[in-house]
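Engineer: When we follow UniProt numbering, the leftmost residue of the sequence shown carries the number 1, and every step to the right adds one.
One or more hints might be untrue.
Said to hold, decoys possible - Pairwise CB distance ranges, derived in the manner of DEER restraints:
#1 ASP27 - ALA59: 24 to 34 Å
#2 GLU146 - ARG110: 52 to 62 Å
#3 SER104 - HIS66: 45 to 55 Å
#4 ARG123 - HIS32: 29 to 39 Å
#5 GLY126 - GLU70: 16 to 26 Å
The set of hints was computed from the structure by calculation and includes no laboratory data.
Ideal Cβ positions, reconstructed from N, Cα and C, are used throughout, including at glycine.
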Amino acid sequence: MFAMMLHTACNSYQGNIGAALVLGGVDPSGAHLFTIHPHGSTDKLPYVTMGSGSLAAMAVFESGWHANMERDEALSLVVAAVSAGIFNDLGSGSNVDACVITASRTEYLRNFVKPNERATKERTYGFRRGTTAWTKEKVRNLVVEETVTPVPAPAQGEAMDIS
1 MFAMMLHTAC NSYQGNIGAA LVLGGVDPSG AHLFTIHPHG STDKLPYVTM
51 GSGSLAAMAV FESGWHANME RDEALSLVVA AVSAGIFNDL GSGSNVDACV
101 ITASRTEYLR NFVKPNERAT KERTYGFRRG TTAWTKEKVR NLVVEETVTP
151 VPAPAQGEAM DIS
């Protein structure tokens with residue numbers, strides 16, 4: 001059985017850092033795969049996804065995973081799952097990294113597949129320093145005039161049916 005690390009994502013909110021982690025490994029009792037959520041909970045499952053593209057990736061795993069997969073079959077499934085995340089979520093990057101962990105070794109497959117290979121630009125664009133105008137002037141009092149018009153209360157009528 002292969003443990004596959006699918007996705008690690010870090011997000012910054014209000015100065016705090018959170019990490020959604022997938023942790024895989026092998027010990028004397030076998031292969032294990034865990035998720036560690038930013039809020040601290042953990043799960044131990046046969047396949048896991050985390051991050052912004054995880055829903056698309058999970059759909060692929062749910063339809064294609066089965067116990068005791070061969071290495072090539074498992075890697076193909078991981079490529080399909082991560083690619084689904086990439087193509088269905090703008091925050092999921094552009095390449096597939098994989099890590100195959102067995103009892104005897106760990107194999108890092110960096111840039112294993114690049115489904116969104118960056119194309120060469122048709123032209124180069126260079127802008128002379130100072131091309132973009134800017135100002136040190138602060139903009140204040142954007143609202144020049146404001147009028148508040150109260151909305152009259154609705155007339156008493158039949159109550160809404162909430163049954």
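Engineer: Go ahead and decide if the range 29 to 39 Å is satisfied by the Cβ distance of ARG123 to HIS32.
Structural biologist: violated, 51 Å
Engineer: Cβ-Cβ distance between GLY126 and GLU70: within 16 to 26 Å?
Structural biologist: violated, 50 Å
Engineer: Taking the beta carbons of SER104 and HIS66, is their distance inside 45 to 55 Å?
Structural biologist: violated, 23 Å
Engineer: Does the Cβ distance between GLU146 and ARG110 fall inside 52 to 62 Å?
Structural biologist: holds, 56 Å
Engineer: Has the hinted range 24 to 34 Å been met by the Cβ atoms of ASP27 and ALA59?
Structural biologist: Once the Cβ atoms are compared, 30 Å apart, the range 24 to 34 Å for ALA59 and ASP27 holds.
Checked against the numbered hints given earlier, this structure breaks hints 3, 4, 5; the rest are met.
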